[in-house]
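K.L.:
Chain by chain, the residues run as shown.
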Amino acid sequence: MNKSITELHELLVNKKITDKELIEESLKKSHEVEEKYNAFVTICDDAKESEITDSLVSGIPFGVKDNYSTKGILSTGSSNTLKNYIPFYTATVVEKLLNAGAVMVNKTALDEFGMGGTGTTPHTGPVLNPWDKTRMCAGSSAGSACAVASGVYPFALGSDTGDSIRKPAAYCGIVGYKPTYGMLSRYGLFPFASSLDHCGVLTRSVLDAAIVTDIMKGQDNHDMTSWDSSHIHLKDALTGNIKGKKLFYIKEICDIKNYKDANSTLKEHFKIFNHSLELLKESGATIQEESIDIDLLKAISSVYVVLSCAEATSNMSNLTGIIFGPRSDAKNVFEMMKEHRTLGFSPLIKRRFIIGSYVLQKENQERYFKNAARVRRIIVDKMKELFKKYDALILPVSSGPAKKFDEDLDILDENTNILEEHLQIGNFGGFPSITIPNGFIDNLPVGINITGNCFDDENVLNIAYTLEKMMPYKGQIAKEK
Amino acid sequence: MKKQIAVIGLEMHCELKSNSKVFSSAKNAYSEIPNSNIAPLDMAFPGTLPVVNKKCVLNALKVSLSLNCSQPDYLMFDRKNYYYPDLPKGYQITQMTKPIGINGCIEIEVNDKLIPVYIHDVHLEEDSASLDHFFDTTNIDYNRSGVPLLELVTEPCLHSKEEAQAFLEHIIRIYRYLDVSDADTKKGQIRCDVNVSIMDEDSRELGTKVEVKNVNSLSGVAKTIDYEIRRQTTLKEEGRYDEIKQETRRWDEESETTIHMRNKVDEVDYKYFIEPNIPRYPLKEEWIEEIKKSIPRLHLERKKDYIKNIGLSNYDAEILVKDKSVSDYFEECLKLDIDAKTSANWIITQILGYLNKYNLSITDFYFTPKRLKDLISELEKNTISSKQAKEIFKEVIEQEKEVKDFIKKNTQLSNEDELNNIIEEILANNVEQIEEYKKGRTNLFDYFVGQVMKNTKGKANPVLTKKILNEKLKG
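One line per chain: the protein sequences are B and D, in this order.
Once you know that position 163 of the first sequence is 162 in numbering that gives the first Met the number 0, the rest is easy, because the numbers rise by one and skip nothing.
Once you know that position 52 of the second sequence is 51 in numbering that gives the first Met the number 0, the rest is easy, because the numbers rise by one and skip nothing.
Keep in mind that the hints were calculated from the coordinates and are not lab data.
Check each hint, because a few of them may be wrong.
Computed cross-link-like contacts, DSBU-like style, restricted to lysine-lysine with a CA-CA straight-line distance of at most 30 Å [unchecked claim]:
1) 97(D) with 82(B)
2) 70(B) with 26(D)
3) 381(B) with 97(D)
4) 330(B) with 79(D)
5) 266(B) with 337(B)
6) 381(B) with 297(B)
7) 234(B) with 256(B)
8) 383(B) with 330(B)
9) 263(D) with 337(B)
Bound conformation, chain B alone (with noise of 0.2 Å):
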């Protein structure tokens, strides 16, 4: 289970194993790995072997983050209100795979509904990192990357909002992607901030990321902002050669200079980082430095904030218990509706939803809601104008690697705060954006990311796998320290 897609799918096309070995090892790695660090909501045990085809994911296990409707099996969101809920239709990306025979094994924890970065919220309680169990693993896809990791199956999908998919990815020590909006149908995943919101895939390799991805991919006519990619093939598009590609990052960003107090983990971080620009310049990249105005910079979070917390106000107004989701027995419906939502959703959430409201207000509305909007599409704007110059954009994911449950957030910098921040960028402008693991700092793993224009997607994959090519991280399985 440790193997790759096109590995597995040979051993079973050459029948050296059979899909039900590789389903019933899944499944036993699924219970370890919930046992040690508590990553699942649901564990199909009864899931059944599938035809083996020419589709390269044929009878091979997979996990779907509980953010996606799943027909007859339990759909959570991994939260109390929708503790009992099972739905009656699959998310198209979902269905999409089991039409191409994957067998999904499993339903994995995230932070409530997508809103949070730790991995600590579920209502299964907080998912551990499978390099140490004393470190989350960031989130929302919290569950998929620790079962990515520790070598459940090759791939699982994630959501990512903000930076879900690919901030885990990285703590975890794996690929992350989530292509450019609307690639993927996003047609029964729960909606957390509709705008921002993509699907996407955490694996070991970019070449599984690809495959999957060409696998979920085309227009749906379920969500009108899917579109036509049939033109795209990512997995064709993996040829190693980025001869004459430029890459930009951003000064601001990645100058040990502006860290006034840079830790030793901090410094270590930005010299793996600088060493994976090396091995790209090595390959025919050009890299060269950008600055951006670090004001806009640092909006970014405040930005964030406003406009997903708004539209998840709006988006989570149908979690009442009236129609599913345990139903309050008080005595009128307004009263149901009321403690339902005080029951059921973590103190977090709550918090969100009164910022939500209060930038929605008539009276804050111009002030929050629309600037905020407004600073996306200047922050956006540059990135298109930026993108006409660069194939891609490449930054260090986070600070370093995976944090300490009882590390203290508060005392990060306002700088560091942009180096945590700024994959939410990706999510602003829609762009195809990939994590993947680049060193280690204290037997940690962490990321690098590569960001391109929307619909670039081939691109920024093919980036990626030429980088991971001359590092030694490709297929890597979390070691316990």
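Please build the complex by placing chain D on the supplied structure of chain B, with the hints as guidance.
P.N.:
Same frame as chain B, but now just chain D:
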């Protein structure tokens, strides 16, 4: 107190016709069986997304164009957020930022006078579920959830219940002419909010506006306006005008009064924002032009035309334009060169009478304008009498035959020479009766007519017969 005038604005919600709902694939149709026409989106199951029904957009654009509104350059929707058990998503998808039509103006007829009515906007949205209240429970029926709804908002430019009612009737007729809605109040397809204020006749300052919600019939609208004008005027007369607050009330069908719901300060903040799941859709000029061309002439234009250019009476014209299919039938007759007044008469007296009697629709009526033309030309040729024509009209329909099938049997003897010979022969055999007649027994005239009819087996043209007899008997 100075004479008061009322200022009235209307918000009219009307369910639109379409195969499926405005954002889901569920059937858009009334059903007695609760929750039988529903898709996952209509019950807001997590992960479902709205997909705009193009037919509904087309219908809304037809209305927008017919009300002389301007259309936005692109289509977009907004969310109106509020919690209510009939609203499964917790928000309604509607149009706030860019309604499908703004700044319209139409002419309506009130007591034979034309007045302009200004349209603030018209927008496309989704209906809520319906709640059925019982003694101690309420059932939610999601069949109505997501049914396309068009909301039309007028400027405060109406001044009486007559104007308001005439306006609503006018709009209902437009919707039916455009075939975008049955606009049937009995089926609950139309719901109105009525805004009423009063002010001194010579004043320019509008009085305090009171909004009355959920008035579901035209008579209800008239009664609401009546009641509010009376209530507000009385308070003003008594010097208590400051007691009128900017508030929302509701019409209570039973007591025929309006009842306070909430004050302006308690107004719900709907926290509108752009619906992120529906990308902006450009409304291309070519499409708008194409739609424009598909819009039929509306009733008022037709009526004016019938009176001015065809010379019909106001009364007849009104009957003809009441229903588009009748008016279309009439215009088809004109195209076939049937005399306008003759066809109007036939439609109003014979055809509509027949249709009403048997509860038939003119659209698939067997007696087509072509058949009417056949019948009328026989009449004009004097081959049949008007009494015969009415009988043939019925026979043709009932036996599903053609007019000509009945003409052969009924061919009138209208050849003057032939008739002349027959009459001369009869007169030659009735010399005594002629003398009696000449002496003054003029009622014997009918005896001669009868003889002619007997001789010709009733086929003699009665007019011609009388004419010849008259001439002969004079001489």
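K.L.:
Verify the proposed pairing of residue 266(B) with residue 337(B), using a straight-line Cα cut of 30 Å.
P.N.:
Given pair residue 266(B), residue 337(B) is violated - Cα atoms ~49 Å apart, limit 30 Å.
K.L.:
Holds or violated: residue 330(B) and residue 79(D), Cα atoms, limit 30 Å.
P.N.:
Between residue 330(B) and residue 79(D) the Cα gap is close to 27 Å, so the pair holds against 30 Å.
K.L.:
Is the Cα-Cα distance between residue 381(B) and residue 97(D) 30 Å or less?
P.N.:
27 Å, holds
K.L.:
Is the hinted pair residue 234(B) and residue 256(B) satisfied, with a Cα-Cα distance of at most 30 Å?
P.N.:
It is violated: about 39 Å lies between the C-alpha atoms, which goes past 30 Å.
K.L.:
Just to be careful, I want the Cα atoms of residue 70(B) and residue 26(D) compared with a cutoff of 30 Å; is the pair within it?
P.N.:
The hint holds at about 23 Å.
K.L.:
Against the 30 Å threshold, does the CA-CA distance of residue 383(B) and residue 330(B) hold or violate the hint?
P.N.:
54 Å, violated
K.L.:
Tell me if the straight-line CA distance from residue 97(D) to residue 82(B) falls inside 30 Å.
P.N.:
Violated, at roughly 39 Å.
K.L.:
Is it true that the CA of residue 263(D) sits at most 30 Å from the CA of residue 337(B)?
P.N.:
With a Cα-Cα distance of about 25 Å, the restraint between residue 263(D) and residue 337(B) holds, given a limit of 30 Å.
K.L.:
Are residue 381(B) and residue 297(B) close enough, with their CA atoms no more than 30 Å apart?
P.N.:
Within the cut-off at roughly 14 Å; holds.
The earlier numbered hints that this structure contradicts are 1, 5, 7, 8.
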